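Asker: The chain contents come next:
Protein chains: 2
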Amino acid sequence: MSRPRVVIAGAGFGGLTCARALKKAPVDVLLVDRNNYHLFTPLLYQVASAVLDPGEIARPVRQLIRPLRNADFLMARITGADLQQRQLFTDHGPLAYDYLVLASGSQSDYFGNASLAQHAFGLKELDEGLAVRNRILMRFEEARWTDDRERRRTLLTFAVVGGGPTGVEMAGALSELIHLVLSKDYRDLDLGLVRVVLLEAAGSLLGTFVEPLRDAARRSLEKKGVEVLLKAKVADVTANSILLADGHEIPASTVIWTAGVRASDLGSLMSLPLARQARVQVLPTLQVAGHPEAFVIGDLAGAIDESGGGAPLPMLIPVAMQEGKHVAATIRDVLRGYGATNFLYKDPGIMATIGRNSAVAQLGPVRLKGFLGWLMWLTVHLINVVSFRSRVVVLVNWAWDYLFYDRPIRLIVRAADDRPD
Amino acid sequence: MSRPRVVIAGAGFGGLTCARALKKAPVDVLLVDRNNYHLFTPLLYQVASAVLDPGEIARPVRQLIRPLRNADFLMARITGADLQQRQLFTDHGPLAYDYLVLASGSQSDYFGNASLAQHAFGLKELDEGLAVRNRILMRFEEARWTDDRERRRTLLTFAVVGGGPTGVEMAGALSELIHLVLSKDYRDLDLGLVRVVLLEAAGSLLGTFVEPLRDAARRSLEKKGVEVLLKAKVADVTANSILLADGHEIPASTVIWTAGVRASDLGSLMSLPLARQARVQVLPTLQVAGHPEAFVIGDLAGAIDESGGGAPLPMLIPVAMQEGKHVAATIRDVLRGYGATNFLYKDPGIMATIGRNSAVAQLGPVRLKGFLGWLMWLTVHLINVVSFRSRVVVLVNWAWDYLFYDRPIRLIVRAADDRPD
Chain A
747 MSRPRVVIAG
757 AGFGGLTCAR
767 ALKKAPVDVL
777 LVDRNNYHLF
787 TPLLYQVASA
797 VLDPGEIARP
807 VRQLIRPLRN
817 ADFLMARITG
827 ADLQQRQLFT
837 DHGPLAYDYL
847 VLASGSQSDY
857 FGNASLAQHA
867 FGLKELDEGL
877 AVRNRILMRF
887 EEARWTDDRE
897 RRRTLLTFAV
907 VGGGPTGVEM
917 AGALSELIHL
927 VLSKDYRDLD
937 LGLVRVVLLE
947 AAGSLLGTFV
957 EPLRDAARRS
967 LEKKGVEVLL
977 KAKVADVTAN
987 SILLADGHEI
997 PASTVIWTAG
1007 VRASDLGSLM
1017 SLPLARQARV
1027 QVLPTLQVAG
1037 HPEAFVIGDL
1047 AGAIDESGGG
1057 APLPMLIPVA
1067 MQEGKHVAAT
1077 IRDVLRGYGA
1087 TNFLYKDPGI
1097 MATIGRNSAV
1107 AQLGPVRLKG
1117 FLGWLMWLTV
1127 HLINVVSFRS
1137 RVVVLVNWAW
1147 DYLFYDRPIR
1157 LIVRAADDRP
1167 D
Chain B
747 MSRPRVVIAG
757 AGFGGLTCAR
767 ALKKAPVDVL
777 LVDRNNYHLF
787 TPLLYQVASA
797 VLDPGEIARP
807 VRQLIRPLRN
817 ADFLMARITG
827 ADLQQRQLFT
837 DHGPLAYDYL
847 VLASGSQSDY
857 FGNASLAQHA
867 FGLKELDEGL
877 AVRNRILMRF
887 EEARWTDDRE
897 RRRTLLTFAV
907 VGGGPTGVEM
917 AGALSELIHL
927 VLSKDYRDLD
937 LGLVRVVLLE
947 AAGSLLGTFV
957 EPLRDAARRS
967 LEKKGVEVLL
977 KAKVADVTAN
987 SILLADGHEI
997 PASTVIWTAG
1007 VRASDLGSLM
1017 SLPLARQARV
1027 QVLPTLQVAG
1037 HPEAFVIGDL
1047 AGAIDESGGG
1057 APLPMLIPVA
1067 MQEGKHVAAT
1077 IRDVLRGYGA
1087 TNFLYKDPGI
1097 MATIGRNSAV
1107 AQLGPVRLKG
1117 FLGWLMWLTV
1127 HLINVVSFRS
1137 RVVVLVNWAW
1147 DYLFYDRPIR
1157 LIVRAADDRP
1167 D
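Chains A and B, in that order, give the protein sequences.
The first sequence runs 747 to 1167 under this note's numbering.
The second sequence runs 747 to 1167 under this note's numbering.
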């Protein structure tokens, strides 16, 4: 008799954790993802700011599931699902399942603004991190050989939109790349022209942190040379400028967008009832109503924080991982004849780094900032980088960056077409 | 009074060495290259075979010339030159010079065979290395989910054309990637279907090595699972097969071309008299006849081996570096009122590796093979990798690969478009 088949759509933190937690369950697991790798997204901004190479923050899914004798992987784009027929649709054909775990994550949300979608860079995917890096380095090369001073200023103005952790980390790392590293490469360029502008529509950065940490982050960013503009809502972007809602215009030829995120299209493709940010409405058990064999986890799931007064759970890695584990446990329970239980989130805390020697961390009653916060951030991220080898290589790169104010990976590289036929 | 301006076209081994050797000369140096990095080409096949990431074999030119206070860099494509007007043409406008050093290197030569140019991968540029890696990994993913056995065999057949050092190294590394690493990723795939075929038109591999080393290399490759086909001349390539001149056909959907190299197009763009392989004819001083202020070095230069009976010098890194040094010395001499002297090549020897524990090296009277040759190869390459940091990271990767039979960089990554406007 063949074993029940669990199909997991997405090999991010939620999907991968779920597959791992099913290691000893009497099921066959199939992980599906459009990329052949699992991405350690918290360090993506370090690829964008020329600290790390892709090999250090991504790991082949097949390597990660090697220890799981009951798991396999399919590299395919997910196009929908039929919950009645129990089939997941992919560009590689339909996949029948007994249990389905939807874990396809989230994407940049430009709120329907076509100018943003055209001119701004997202920072969610590995290829976007590489594109941002290429763009920043290209702009410096162009600026070096541009005689028009105004044009040079536009080329050297980098706008990061969104004052959440990703925006704060990107702006800090970018300002350090420019002032500590590129300044030595471009001795003849007037770096007084450089602007790194962080735009946030709300009245403060890092809205999910407590007030004192928000202020500390802002002061730290400003000390590193980042211009922080609060209550700055982006209305329109062209190739060479940003127009704010209040009419103010900033000449800038590079815009990085971290201000909006919504769930992947899978929920709407399947015509499921959606919550805010296009997340799929789920029961407290993370099941889809009426389909006890179908689960949604991670950024895609619009789960409610049962212990937090009914607010939706944030799109965070710990949420996705805990949900993945919970669903795996539920599937094992159901196979043994038990019922599904409600998911309860345990908040491990949040943190964001602003660059060398500075970070903010909020871990329950503990609040850290400055150098102590930074040590905490380093430790947590180094422990969580996905393999021992990565840890060694990432440590070498961080130490190099820290000691020598140098980022040797500032290469403008695009892969040649690998599908010439 | 402004100092004489030396424009160096190309930041490869020849151009970079020349710029460095001009460090204390009373000149201003401008290095021009279409990439912003210098590439350590001897390890490019390791990017293609998922051992190393680009950051480990490439270095920003601006970083390398930082210690040279008299040098600057322009990222631009070189389109020609006017030796009468003393101008180098680029897609960034013309550059006036007092001394010109042409060092634009070489490119893959498909000998006018359009099917090769369309379907085969070259292995000369960093982006090609990444493309080959992406292709190999994609073919395994496709094969895993293909039911048709014949199609699977075609997908899993990888042909490397050209039995010189690059072809030998690529075939060996590819076979090890498959048999030592990917075999663990694809437990359900019949690896008996895999073929790594090395095709060489001549009667032996590594024609520039002595007979016993050629045979050793061939035996070593065969032990690693590479099929070596000698006297195999490629007539035509399609998306799914290779047709040999003798009518034999090999179903294969990945073809890597290392069998032909010719100089960059700069010589013909400038209508200079050409030698074999489109190399520019030069005087024994490496000057262009009639233009004592214009020099040609490296693969582009058709220099004659004065000590070797009038044969053309091979396209090798030591030749390019020694020529770069010689031209820098000549420029310094000329500025002091002396004449140009003839270039004499000192042969340091040649080597090629066949994978773990095996390499051949021919250093004057010393001939090494097997494990000893491999230790020599490792040492020489590790010393010559371009920076201390790279040395550390490369060593970590090599040790990882060697000890754990694992290559964590097997990621299918393409940079997103960084020029969205």
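Just so you know, the hints here were simulated from the structure itself, not pulled from any lab data.
Values in this document were obtained by computation on a predicted structure and should not be read as measured data.
Among the clues, some could well be false.
Because identical chains cannot be distinguished in the list, a pair is counted as satisfied if it fits within a single copy or across any two copies.
[As the list claims (entries may be wrong)] Below, simulated DSSO-like cross-link-like pairs (lysine-lysine); rule was C-alpha separation at most 27 Å, straight line:
no.	residue 1	residue 2
1	K870	K977
2	K870	K930
3	K769	K977
4	K1092	K977
5	K1071	K979
6	K1092	K969
7	K930	K1071
8	K870	K770
9	K979	K770
Asker: Each hint: holds or not?
Answerer: Each hint, compared with the structure:
Only within a single protomer do K870 and K977 lie at most 27 Å apart by alpha-carbon distance; the minimum there is 24 Å, versus 50 Å between protomers. In the homo-oligomer, the alpha carbons of K870 and K930 never lie at most 27 Å apart, since the shortest distance is 30 Å inside one protomer and 30 Å across protomers. Taking the closest pair of Cα atoms, K769 and K977 never come within 27 Å of each other, the shortest separation being 48 Å inside a single copy and 51 Å across copies. Proximity of K1092 and K977 under a CA criterion of 27 Å is satisfied in neither setting, with 32 Å inside one chain copy and 67 Å between copies.
Taking the closest pair of Cα atoms, K1071 and K979 never come within 27 Å of each other, the shortest separation being 38 Å inside a single copy and 57 Å across copies. Proximity of K1092 to K969 under the C-alpha cut-off of 27 Å is found in neither arrangement, the shortest distances being 35 Å within a copy and 55 Å between copies. Taking the closest pair of Cα atoms, K930 and K1071 come within 27 Å of each other only across two copies (26 Å); inside a single copy the shortest separation is 48 Å, beyond that limit. For a Cα distance limit of 27 Å, the shortest separation of K870 from K770 qualifies neither inside one copy, at 32 Å, nor across copies, at 47 Å.
Neither within a single protomer nor between protomers do K979 and K770 lie at most 27 Å apart by alpha-carbon distance, with minima of 50 Å and 53 Å respectively.
In this structure, the hints that do not hold are numbers 2, 3, 4, 5, 6, 8, 9, in rising order.
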